[in-house]
Amino acid sequence: MSKFVLLAAAGLTLALAGPAAAQSGFLKNLARQAAAAAIQNAAQPRPAAAPAAEAQGVEAEAEAEPSQQYAAAETTAPMSGPAPWPINVGARTVKYPSDLAFSPELEADRKAFVEFSKVKCNDCEGGYSFDAWAQQIVRLDGSYKAWEKKLGGLALGETISWKGAQSTGTITVVGEEAVGDWPCKQLKWTLKKPQASAERPGLICYGKAGRYDGAESWTIVF
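Count along the sequence shown from 1, add 2, and you get the number used in the working numbering.
Some clues are possibly wrong.
[Said to hold, decoys possible] Think about it this way: if two alpha-carbon atoms lie no more than 25 Å apart in a straight line, the pair counts; the simulated DMTMM-like pairs of lysine to aspartate or glutamate are:
#1 195 <-> 109
#2 152 <-> 179
#3 190 <-> 179
#4 195 <-> 160
#5 190 <-> 178
#6 210 <-> 109
#7 152 <-> 178
#8 190 <-> 109
#9 97 <-> 107
#10 165 <-> 215
#11 194 <-> 150
#12 190 <-> 150
#13 194 <-> 109
#14 190 <-> 111
#15 97 <-> 183
#16 97 <-> 201
#17 210 <-> 179
#18 147 <-> 160
#19 113 <-> 101
#20 122 <-> 201
[Stated by the list, open to error] Pair by pair, the computed Cβ-Cβ distance ranges are:
#21 83 <-> 213: 22 to 32 Å
#22 176 <-> 116: 16 to 26 Å
#23 170 <-> 94: 35 to 45 Å
#24 93 <-> 129: 37 to 47 Å
#25 124 <-> 97: 43 to 53 Å
#26 128 <-> 157: 31 to 41 Å
#27 155 <-> 125: 28 to 38 Å
#28 177 <-> 109: 18 to 28 Å
#29 122 <-> 212: 33 to 43 Å
#30 157 <-> 114: 25 to 35 Å
#31 176 <-> 113: 34 to 44 Å
#32 160 <-> 180: 35 to 45 Å
#33 130 <-> 179: 33 to 43 Å
#34 144 <-> 89: 30 to 40 Å
Worth flagging that the hints you see were computed from the coordinates, not collected in a lab.
Idealized CB from N, CA, C, for every residue including glycine.
Based on the provided sequences and hints, a complete structural model is requested.
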């Protein structure tokens, strides 16, 4: 109970004990004081309530935190790296190197590289051969995945070269940056003709190529 109410109660008791006229004057004075106090109390500033939109924003932010933490835990691999860097690194659907995907621009570069190597051939199926098909030109030992093992066995800076019908080709290891949990090697493919040349990036990684592969091995990814 406030001090004012206590004083008012005490005054009221005294007033009731006195004459009626004194009681009437005292009660009027007490009423004026109570009204003035009520007006003064109403004029005091009150803390503003938070806008509804702001409160909703805070709640939405609190609800979003778990999903953001889950997404961060799902994507632990770097989202960018040396070319050709996959566009789905860290996705839950990527379980094998063969699941890695690349941008339409990189796919277009690879297709243009093969088209650049196109050569008319009377003895070839479809009437054309391709100087970019190095695995059909480079001498291999005939073992399972011999081409992949040959590329995977190259050290940083080492090169494989071949001579096609119209182009001279090389594949050089230009990087050894892992992709996700897989050891990988970044490659540079080059084809040179007397008056023109073309190149594209390549990628080979070590791991199980797919669900039905029992052992890990080098796999050409791009």
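Evaluated hints:
Restraint check for residue 195 and residue 109: the C-alpha separation of about 22 Å stays at or below 25 Å, so the hint holds. Only pairs whose Cα atoms come within 25 Å are accepted, and residue 152 paired with residue 179 is accepted, the gap being roughly 18 Å. Under the criterion of a C-alpha separation no larger than 25 Å, the hint pairing residue 190 with residue 179 is consistent with the structure, at around 14 Å. For the hint pairing residue 195 with residue 160, the CA-to-CA distance comes to about 22 Å; that is within 25 Å, so the pair holds.
Restraint check for residue 190 and residue 178: the C-alpha separation of about 12 Å stays at or below 25 Å, so the hint holds. With a C-alpha separation of about 23 Å, the suggested pair residue 210 and residue 109 falls inside the 25 Å cut-off, and the hint holds. About 15 Å separates the Cα atoms of residue 152 and residue 178, which keeps this hinted pair within 25 Å; it holds. Between residue 190 and residue 109 the CA atoms are separated by roughly 15 Å; this keeps the pair inside 25 Å, and the hint holds.
Pair hint residue 97 plus residue 107 holds up; C-alpha atoms about 24 Å apart against a cutoff of 25 Å. Distance check on the hinted pair: residue 165 and residue 215 sit about 33 Å apart at the alpha-carbon level, beyond 25 Å; violated. Restraint check for residue 194 and residue 150: satisfied, since their Cα atoms lie roughly 23 Å apart, inside the 25 Å limit. For the hint linking residue 190 to residue 150, the alpha-carbon distance of about 15 Å falls within 25 Å, and the restraint holds.
Among the hinted pairs, residue 194 with residue 109 is consistent with the structure: their alpha-carbon atoms are about 20 Å apart, no more than 25 Å. For the proposed pair residue 190 and residue 111, the alpha carbon gap of about 12 Å is at most 25 Å, so the pair holds. For the proposed pair residue 97 and residue 183, the alpha carbon gap of about 10 Å is at most 25 Å, so the pair holds. For a cut-off of 25 Å, the pair hint linking residue 97 to residue 201 is broken: about 29 Å separates their Cα positions.
Of the supplied pair hints, the one linking residue 210 and residue 179 holds, its CA atoms being roughly 18 Å apart against a limit of 25 Å. For the proposed pair residue 147 and residue 160, the alpha carbon gap of about 20 Å is at most 25 Å, so the pair holds. In summary, the hint linking residue 113 to residue 101 is supported, as the alpha carbons are separated by about 19 Å, within the 25 Å threshold. Restraint check: the Cα-Cα separation between residue 122 and residue 201 comes to about 21 Å, which is no more than 25 Å; the hinted pair holds.
One distance hint, 22 to 32 Å for the beta-carbon pair residue 83 and residue 213, holds here, with the actual separation near 26 Å. Here the CB-CB span from residue 176 to residue 116 is close to 20 Å, well matched to the stated 16 to 26 Å. For residue 170 and residue 94, the hinted distance range of 35 to 45 Å is satisfied, since their beta carbons lie about 43 Å from each other. As the Cβ distance of residue 93 to residue 129 is approximately 40 Å, the hint placing it in 37 to 47 Å holds.
One distance hint, 43 to 53 Å for the beta-carbon pair residue 124 and residue 97, holds here, with the actual separation near 44 Å. Look at residue 128 against residue 157: about 37 Å separates their beta carbons, and that is inside 31 to 41 Å. For the pair residue 155 and residue 125, the beta carbons lie near 32 Å from each other, so the given range of 28 to 38 Å is met. Between residue 177 and residue 109 the beta carbon distance is about 20 Å. The supplied range of 18 to 28 Å therefore holds.
For residue 122 and residue 212, the hinted distance range of 33 to 43 Å is satisfied, since their beta carbons lie about 36 Å from each other. The supplied range of 25 to 35 Å is met by residue 157 and residue 114, whose beta-carbon atoms lie about 29 Å from each other. Hint check: residue 176 to residue 113, Cβ distance near 21 Å, so the stated range 34 to 44 Å is violated. One distance hint, 35 to 45 Å for the beta-carbon pair residue 160 and residue 180, is violated here, with the actual separation near 19 Å.
Between residue 130 and residue 179 the Cβ separation comes to about 35 Å, which falls inside the hinted range of 33 to 43 Å. For the pair residue 144 and residue 89, the supplied restraint of 30 to 40 Å holds, since their beta-carbon distance comes to about 36 Å.
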